[in-house]
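Throw the hints in and build the complete structure from the sequences for me.
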Amino acid sequence: NKNSEVTRRQKMAEFFFFQAEDGIRDFCLSRGLGDVYKRQEYMGYTVNIAKYFGNLLTKDTRFQQLGTQQFGLICFRYYQENADTQALNKLNKTLFERIELTTTHGHIVSSENCGIYFLRFVSCNRNTEEKDVDEFWSHVQNCLNEVLNEKLNE
1 NKNSEVTRRQ KMAEFFFFQA EDGIRDFCLS RGLGDVYKRQ EYMGYTVNIA KYFGNLLTKD
61 TRFQQLGTQQ FGLICFRYYQ ENADTQALNK LNKTLFERIE LTTTHGHIVS SENCGIYFLR
121 FVSCNRNTEE KDVDEFWSHV QNCLNEVLNE KLNE
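Residue 40 in the working numbering is what sits at position 40 of the sequence shown, and the numbering runs on without skipping anything.
If you're looking for bench data, these hints aren't it; they were derived computationally from the structure. Nothing here was measured: the structure is a model prediction, and the numbers come from that model. All the pointers check out, no bait thrown in.
List time: in silico BS3-like cross-link candidates among lysine-lysine, alpha-carbon distance up to 30 Å:
id: 1; residue 1: LYS51; residue 2: LYS131
id: 2; residue 1: LYS51; residue 2: LYS90
id: 3; residue 1: LYS131; residue 2: LYS59
id: 4; residue 1: LYS93; residue 2: LYS51
id: 5; residue 1: LYS90; residue 2: LYS59
id: 6; residue 1: LYS151; residue 2: LYS93
id: 7; residue 1: LYS93; residue 2: LYS59
id: 8; residue 1: LYS93; residue 2: LYS131
id: 9; residue 1: LYS59; residue 2: LYS151
id: 10; residue 1: LYS90; residue 2: LYS151
Below is the structure:
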């Protein structure tokens, strides 16, 4: 019977979607719609922390933000107008290495695109607070001061 086959398929589809939404189908990855709302709250928080970092970044004219903030990601570099790109790349690489070797307050990664070396700050820890970002930013600035002083003394 064609009608009973369609009805049975509809019921199976409804049951499947109910299970998936309710977290029964894949319990380890989802606990239902409540987790979706928690993830949205978590994402909003990490985006705001990155925005806070971006605000600190724009107050220091020695740094340049590259592009716009993408969720919790901000790309930036030390920048000096009319400076040679290769020299800036070398300085930013030295800055990155200094930060990575000495920090206990945060983590950044580096990247290079179109011949420009830059640093990437990513906010992804729900326990990060603005005071943590302040400490990390202060550390980044101190590392830059050290790198610039060493460059002057060469």
